[in-house]
Amino acid sequence: MPRRSPAPESDAEAMVSALLTASRLLVAVSARSLAAVEESLTLPQFRMLVVLDGRGPLSLSGLAGELGVQPSTAMRMIDRLVAAGMVARGVSAEDRRTSVISLTKGGRRIVAEATDRRRQEIARIVEAMPPGRRRYLIDALQAFTEAGGEPAVPNGSQAHTNW
1 MPRRSPAPES DAEAMVSALL TASRLLVAVS ARSLAAVEES LTLPQFRMLV
51 VLDGRGPLSL SGLAGELGVQ PSTAMRMIDR LVAAGMVARG VSAEDRRTSV
101 ISLTKGGRRI VAEATDRRRQ EIARIVEAMP PGRRRYLIDA LQAFTEAGGE
151 PAVPNGSQAH TNW
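Just so we're aligned, residue 1 is where the sequence shown starts under the UniProt record's numbering, counting upward by one.
There's no promise every hint is true.
To be verified - Restraint-style ranges between C-beta atoms, simulated for each label pair: (1) Asp139 / Ser59: 37 to 47 Å; (2) Ala14 / Gly90: 40 to 50 Å; (3) Ser59 / Gly106: 17 to 27 Å; (4) Ala31 / Met129: 40 to 50 Å; (5) Asp139 / Glu94: 40 to 50 Å; (6) Leu43 / Ala12: 39 to 49 Å.
Worth flagging that the hints you see were computed from the coordinates, not collected in a lab. We put the CB at the ideal spot given by N, CA and C, even for glycine.
All chains should be built: construct the whole structure from the sequences, respecting the hints.
Spelled out as structure tokens, the structure:
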């Protein structure tokens, strides 16, 4: 029996439920991809690495703002990532009183490997979808991300996502 479309008044609630379920799947994919590359790294720490990979070196306050956390929280994550050799502290060329946080070669490698693993797992999930339904998913996700203000991720295996 074919699936019935929800009534127009329940479209928003059906969409929210579907997106919450899909987000659980995507978080699980992200966690598995990260664990396969670097078991000791948390998802928030990985998010910091991804932000630095995409935005380049940032001040403590700029990085905390990008992550939506307090500077003290960002500082604790930075301390752990410096100790692990994934980020480095430097001094701003414009203002020597301001420290700048940047990604190390090791941090960049972690981001690339975890992102590639995540891309592969998502590709396997998409391949399992009926081909006729894929276009609807693309359209719906593009509309969703545009409404949320998230920039599009370029196509290709070298493109890094923002988490």
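Lying within 37 to 47 Å: is that true of the beta-carbon distance Asp139 to Ser59?
holds (38 Å)
Look at the Cβ atoms of Ala31 and Met129 and judge whether their distance stays inside 40 to 50 Å.
Roughly 22 Å apart at Cβ, these two residues miss the hinted range, so it is violated.
Is it true that Leu43 and Ala12 lie within 39 to 49 Å of each other by Cβ?
violated (28 Å)
Is the distance from the Cβ of Ala14 to the Cβ of Gly90 consistent with 40 to 50 Å?
holds (49 Å)
Starting from the hint 40 to 50 Å, judge whether the C-beta atoms of Asp139 and Glu94 obey it.
holds (44 Å)
If I claimed the Cβ atoms of Ser59 and Gly106 lie 17 to 27 Å apart, would that claim hold in this structure?
holds (22 Å)
The structure fails hints 4, 6 (numbered hints given earlier, in ascending order).
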